[in-house]
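Novice: Residues per chain are reported as follows:
2 protein chains.
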Amino acid sequence: MINTEVYSDDRGLGYGDGLFETLRAVAGSVPLLDYHLERLRDGAGRLGITYPKAEIRQALVTALAASPNGIIKIILTRGRGGRGYSADPANPPTLLVRCFPLRVPAAHCYERGLELGLCDVRLAEQPRMAGIKHLNRLEQVMARRQVDANGWDEGLLLDDLGRPLELTAMNLFARFGDCLWTPSLSGAGVAGVMRQYVINELAPALPMTVQVSLRPLSQLRLADEVFACNSVAGILPVRKLAVWQWPMGEVTRTLQDKVRQLYAESQC
Amino acid sequence: MINTEVYSDDRGLGYGDGLFETLRAVAGSVPLLDYHLERLRDGAGRLGITYPKAEIRQALVTALAASPNGIIKIILTRGRGGRGYSADPANPPTLLVRCFPLRVPAAHCYERGLELGLCDVRLAEQPRMAGIKHLNRLEQVMARRQVDANGWDEGLLLDDLGRPLELTAMNLFARFGDCLWTPSLSGAGVAGVMRQYVINELAPALPMTVQVSLRPLSQLRLADEVFACNSVAGILPVRKLAVWQWPMGEVTRTLQDKVRQLYAESQC
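Residue numbers (my numbering), protein chains in the order written: chain A, 1 to 268; chain B, 1 to 268.
For reference, chain A alone in the conformation it holds in the complex (with noise of 0.2 Å):
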């Protein structure tokens, strides 16, 4: 049993106490749904909120059925609860599934490149919560003010010791070299699904390492591409951060031309 209704009681309101997934639909299908899923299980597991499976895949069905090609966002709380922070265990979660239009960067950030800022909001550590896509985005949003506020196309957000994480609705990764990097999302930030799909299938049949750990700033100065990416948009190249710049590269082109057929293949 599950809620489908949103309440004024509800825990993912009251705490944030949930998850989210965002979810890109090709021709009725979803290409990275096993990532989503397995993000979305995993953070169920994590904070002990029931996973109602059967429910999950039949909203699917129906959301995928009124909008094939469209965006689809999933919420998944723990149901209602009264005041307090307790929880009672047989309260059902709540599932809310919900179909936007697909909107997708302008053409021209495919091939120019985003320019970022960095923005002054530190992700905390939180290794319990780090990697889910939890509801507590409060950080995320804060970032998105300055970025929205500056112009900026995307933002870098840095952990406490100024390590590059993750920009604010996309993952990072840099090519130094024969080796793709990424940062460690251990104590913070947002595992994302793409980023999942790049380091398990893209980067290897290129082929090409992946690296996953935490750099100082200082050192994507020295990175001969850099990327952002997320399930949504697929890979954009980053042009610039604040005096630094990169050209368009090769990997990161050819990245973009594989998810491109991923979601031109489903078309099919």
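Simulated from the structure, these hints should not be mistaken for lab results. One or more of the hints may lead you astray.
Copies of the same chain are indistinguishable here, so a pair counts whether it falls within one copy or spans any two.
[What the hints assert, rightly or not] Quick list of in silico lysine to any residue cross-link-like pairs, SDA-like style, CA-CA up to 20 Å:
| no. | residue 1 | residue 2 |
| --- | --- | --- |
| 1 | 73 | 7 |
| 2 | 73 | 3 |
| 3 | 73 | 86 |
| 4 | 73 | 83 |
| 5 | 258 | 175 |
| 6 | 73 | 84 |
| 7 | 53 | 73 |
| 8 | 53 | 65 |
For this one, chain A is given, so just place chain B on it according to the hints.
Specialist: Here is chain B on its own, set in the frame of chain A:
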């Protein structure tokens, strides 16, 4: 203009993009109302959320008429938003005000005191959001799960460096000789209304000086008395943390009486 209902696209639900207050009403008024509204306004200012002063006052009048001796919970969010962290500043905020029956700890807790456990989850340092009562409360939810699983009365939360900050839903004080100490919450934690009332009004009237700082956990063992507080429960002695024990202290009892007077006087 404000929303007074919650929709599935509310940013409070989607990102925990909002604030809350939990008020104790006594005979149709809220003794610590100014402290609550000051914190709510401060939080709204820090997050850049519109503070609908007149609507809050009006909603409180209605709530107090319906529930003159209960608990009133206010949730203020940035309002509705589409998909994505960017908010449209033209969108009105959402204000939800709900009433609950008064529920305070059992009488013996006020006499014998609370038995605390030490929570595994640490409060991450995030100075940009420290002190305010925002809706990103997964750390408290996880901590409370451990409290409930272990049958403790409450749980002590530490910072990254192992220094005491607060309990899951109460603030902490300890007396060391003639100094009343409470943890600094400039890096993490919720600066409670009752804590502020003790600092601003009750302690100076004893008179007793208050020290707000961070101390190692080991120092807590040396305290002469320890107590916890919030605006619903008032003041409760802390009897035990794991194997450490403290007696019910004179200052705790005096402050307890003063808060009882505050709540009783409001009933006249």
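Novice: Compare the structure with the hints numbered earlier in the document and write down the numbers of the violated ones, lowest to highest.
Specialist: Violated: none.
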